[in-house]
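Protein chains in written order, with numbering that gives the first Met the number 0: chain A, 0 to 409; chain B, 0 to 409.
The hints are simulated quantities; they were obtained by calculation from the structure and are not laboratory data. In this text, a Cβ means the ideal position worked out from N, Cα and C, and glycines have one as well. Treat the hints loosely; a few may be bogus.
What the hints assert, rightly or not - Taking beta-carbon pairs under 8 Å as the criterion, some of the chain B residues facing chain A (in silico): (1) S22; (2) Q26; (3) K61; (4) C65; (5) S69; (6) D91; (7) A172; (8) K389; (9) S393; (10) Q397; (11) Q399.
2 protein chains.
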Amino acid sequence: MEGDPALRLRVFDLNCWAIRYLSKRRQERIRLIGDMLCQEDFDLVLLQEVWSEWDYSDLKVKLGGCYPFSHYFRSGVIGSGLCVFSRFPILDTLLYQYSLNGYPYMLQHGDWFCSKSVGSMGARQVLAWELASLLPCSHQLHAEYCRQKDAYLPHRLVQAWELAQFIRHTSKAADVVLLGGDLNMHPEDVGIRLLRGWTGLRDAFAEATHFEGCEDGCTFVPNNCFTDKSELLPFPLGIRIDYILYKAISNFMVKCEELKTTTGAAPGMDVPFSDHEAVMATLHIQRQRQAAGATLTTAEPVLADVVTEARTEVSVGLRAAQRQRYSSGRMALLALLLLLLQAVAALGALAGLDTGQPFPKLSFCLLAFLAIGILLLATGLHLFHTMEVKMLHSTEEQMQMVLWMLQERP
Amino acid sequence: MEGDPALRLRVFDLNCWAIRYLSKRRQERIRLIGDMLCQEDFDLVLLQEVWSEWDYSDLKVKLGGCYPFSHYFRSGVIGSGLCVFSRFPILDTLLYQYSLNGYPYMLQHGDWFCSKSVGSMGARQVLAWELASLLPCSHQLHAEYCRQKDAYLPHRLVQAWELAQFIRHTSKAADVVLLGGDLNMHPEDVGIRLLRGWTGLRDAFAEATHFEGCEDGCTFVPNNCFTDKSELLPFPLGIRIDYILYKAISNFMVKCEELKTTTGAAPGMDVPFSDHEAVMATLHIQRQRQAAGATLTTAEPVLADVVTEARTEVSVGLRAAQRQRYSSGRMALLALLLLLLQAVAALGALAGLDTGQPFPKLSFCLLAFLAIGILLLATGLHLFHTMEVKMLHSTEEQMQMVLWMLQERP
């Protein structure tokens with residue numbers, strides 16, 4: 000069986016930064032991405048931030064010849080931005096939306112309005128006479144806006160946990176699992192360690208026999224003409240936040256032969272494909288005689304440490320969310336009290352009970368409008384933070400369950 | 000291997016109708032449910048509509064002795080209402096929220112405000128020396144309020160489809176899959192046929208060797224003192240909407256030995272457990288020599304018909320959603336136009352351009368407020384229906400993909 004024909008799988012992953020009306024030179028870049036994909040002939044193309052279905056349709060028309068199978072993951076109002084192009088038939092798709100994704104009132108960050116999700120699909124590839132199921136996922140986690148004081152860390156950890164759980168639950172019978180996407184996390188961050196440790200996924204960059212591209216495999220680099228240089232001041236080389244992760248289950252073996260990233264504008268072009276660099280991996284998949292078994296890459300005591308670290312961060316987020324739920328609830332209550340007081344005063348005035356100087360009518364009305372506004376806003380916030388508390392609590396509990404399991408195991 | 004020890008698994012499923020402040024005699028019923036579960040000693044208990052975490056905590060304390068493992072699926076503002084009690088260790092849990100669940104403005108139905116979901120868990124049971132993975136799901140779909148003109152049918156079909164896809168994607172490596180819950184669908188409805196056909200799940204009621212309980216296995220019956228008799232006028236025996244479904248994958252075999260339903264108040268009690276009857280199944284699980292393979296219970300041409308029927312209903316829903324998206328968009332646009340006209344008139348008045356009879360100020364202000372209100376409401380509705388169109392479209396597309404696959408298969 001060792002002599003079984005091997006499959007060389009070429010995977011392309013890119014955060015396309017294609018926001019209508021906002022992203023610079025979007026249509027031109029989508030056209031360039033399409034041209035390059037046609038020439039390069041990958042097996043699987045995982046794209047993120049294709050927010051407009053028109054862009055997807057344009058790509059689909061252009062790529063129909065080389066990638067006959069594709070799927071756009073629709074969700075939410077704006078969409079998930081995820082799509083997949085494949086040389087292999089897509090058998091089945093499933094989209095999982097993360098339960099937490101930032102705050103609706105952080106309008107300047109806007110993550111809440113996109114439905115950040117993981118899209119999964121089953122593809123089938125004929126390996127001479129054997130079949131291998133592939134489960135490529137394309138996804139994106141909440142962005143990090145300030146590394147020093149990262150208010151979104153608990154949400155990103157909940158997303159990393161849900162992503163890991165989703166992969167564990169959906170990939171049990173897959174031969175090969177592939178995950179490509181913009182994780183918005185540095186390689187040493189707790190979220191990445193949690194995701195890799197709990198799923199057993201391997202990092203193509205770390206495993207690659209041959210690497211070519213930006214130094215340290217960075218995918219968000221200051222040399223790119225679309226990146227904000229000030230954001231990257233602490234990281235002169237840039238950061239690596241786009242990944243291709245993989246693992247083989249059952250009796251398959253995967254090795255990363257080569258990993259490449261783009262390095263700014265391609266030869267003959269004056270514009271890079273996106274504000275992120277693309278990641279391209281060549282994987283070598285072979286059937287092996289002995290089933291490898293579902294092993295975790297991280298040793299269990301180390302994994303327990305990672306889960307403990309993540310759980311601590313989630314607990315910090317939980318306490319903050321509880322405080323915000325409490326303050327918004329109190330604010331709503333105060334606004335309600337003010338309204339009631341005003342109602343009593345108004346009724347008193349109607350009944351002719353007020354004897355002193357009456358409150359000016361205009362201010363009275365304005366105050367009532369203000370109270371109603373605050374009541375509505377604070378109630379909305381209270382409901383939102385109630386939900387946030389629920390999801391953080393639930394994640395913390397699940398992590399605790401895993402810790403018990405890891406400690407109990409002989 | 001035929002002589003392998005068999006496992007007799009007793010499963011309990013109940014929609015508890017435990018809404019704080021709204022459900023009649025809630026606390027008393029929760030106490031009774033707890034007492035009965037303690038006495039009966041099931042292996043797995045799947046509960047729905049336990050909306051309050053206090054009720055879950057009460058049950059957990061009471062059932063700690065007989066069911067040492069339990070999980071409450073937290074989600075959304077109100078919650079999922081789902082919980083599981085188990086004699087076997089719960090290894091892992093995952094919650095999937097359906098993407099569509101009714102309309103926020105249908106306040107009287109309220110489904111939108113609960114986060115209807117499917118909760119899944121992995122449990123492990125030592126079968127003498129063999130291990131069997133169980134995947135019990137507990138879930139609830141959108142309620143049916145009017146069978147003659149069922150406005151929620153497309154949403155329920157999307158939920159049934161997502162539930163089926165979730166089961167297909169998460170259960171591939173499970174030995175036994177169990178699904179218990181209130182599906183809000185009659186046994187012959189297209190949604191049930193779709194779910195069963197596409198997942199291969201078997202209906203415990205149809206397969207049971209021995210049955211005891213309400214006639215035709217009904218679980219929502221006019222005899223129950225909490226049900227609204229007028230709702231059940233067309234169905235004098237009641238309806239069967241609560242199910243226990245199962246299937247064995249890999250080399251296990253499951254048979255339903257016995258199915259029971261409760262029949263109103265238990266002896267010595269003056270109140271039934273809920274407005275639904277409970278479903279109790281005794282399953283016989285045995286390892287078998289030959290792997291059965293993942294077979295669908297419904298023959299493929301029949302399955303293709305069911306998927307086509309479901310797709311037609313989803314298309315009808317899609318067209319309705321597109322119409323609603325269009326009208327709400329037009330309404331928002333008209334409100335915006337009115338506001339702009341008013342702004343022009345106000346600016347004109349300020350510049351001293353109006354010569355004729357001025358518009359009364361109070362009416363002018365009231366009209367502006369009305370226009371703002373309509374603009375906000377219509378925009379909200381437009382965004383909601385945009386999302387609805389996206390999800391219906393996506394489901395329709397997935398069903399189309401499955402139809403192609405079914406037709407292409409030799």
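### Task
Report holds or violated for the interface hint on S393(B), using the least CB-CB distance to chain A and a cut-off of 8 Å.
OK, holds: S393(B) within 8 Å of chain A, min 4 Å.
- [ ] Would you settle whether the hint for S22(B) is holds or violated, based on the nearest Cβ-Cβ distance to chain A being less than 8 Å?
- [x] Result: violated, 21 Å to nearest chain A Cβ.
Minimum beta-carbon distance criterion (8 Å), C65(B) to chain A
Nearest chain A Cβ about 20 Å off; hint violated.
* Asked: Hey, does the Q26(B) contact hint survive, CB to chain A under 8 Å?
  -> violated, 22 Å
Just to be careful: measuring from the Cβ of S69(B) to every Cβ in chain A, is the smallest value less than 8 Å? Interface hint status for S69(B): violated (11 Å vs cutoff 8 Å).
Next on the checklist: Min Cβ distance, A172(B) to chain A: is it shorter than 8 Å?
Outcome noted: Hint on A172(B): holds, closest Cβ of chain A at ~3 Å, below 8 Å.
A closest beta-carbon separation below 8 Å is what the hint needs, so does Q397(B) meet it against chain A?
OK, holds: Q397(B) within 8 Å of chain A, min 6 Å.
* Asked: Under the criterion of a CB-CB separation shorter than 8 Å, is Q399(B) in contact with chain A as hinted?
  -> violated, 12 Å
Interface hint outcome for D91(B) [beta carbon to chain A under 8 Å]
Hint on D91(B): holds, closest Cβ of chain A at ~7 Å, below 8 Å.
* Asked: With 8 Å as the cut and Cβ atoms as the points, is K61(B) at the interface with chain A?
  -> At 20 Å from the nearest chain A Cβ, K61(B) fails the 8 Å test, so the hint is violated.
Taking the closest Cβ pair, is K389(B) under 8 Å from chain A? With Cβ-Cβ at 4 Å, under 8 Å, it holds.
Hint check: violations occur at hints 1, 2, 3, 4, 5 and 11; the rest are consistent with the structure.
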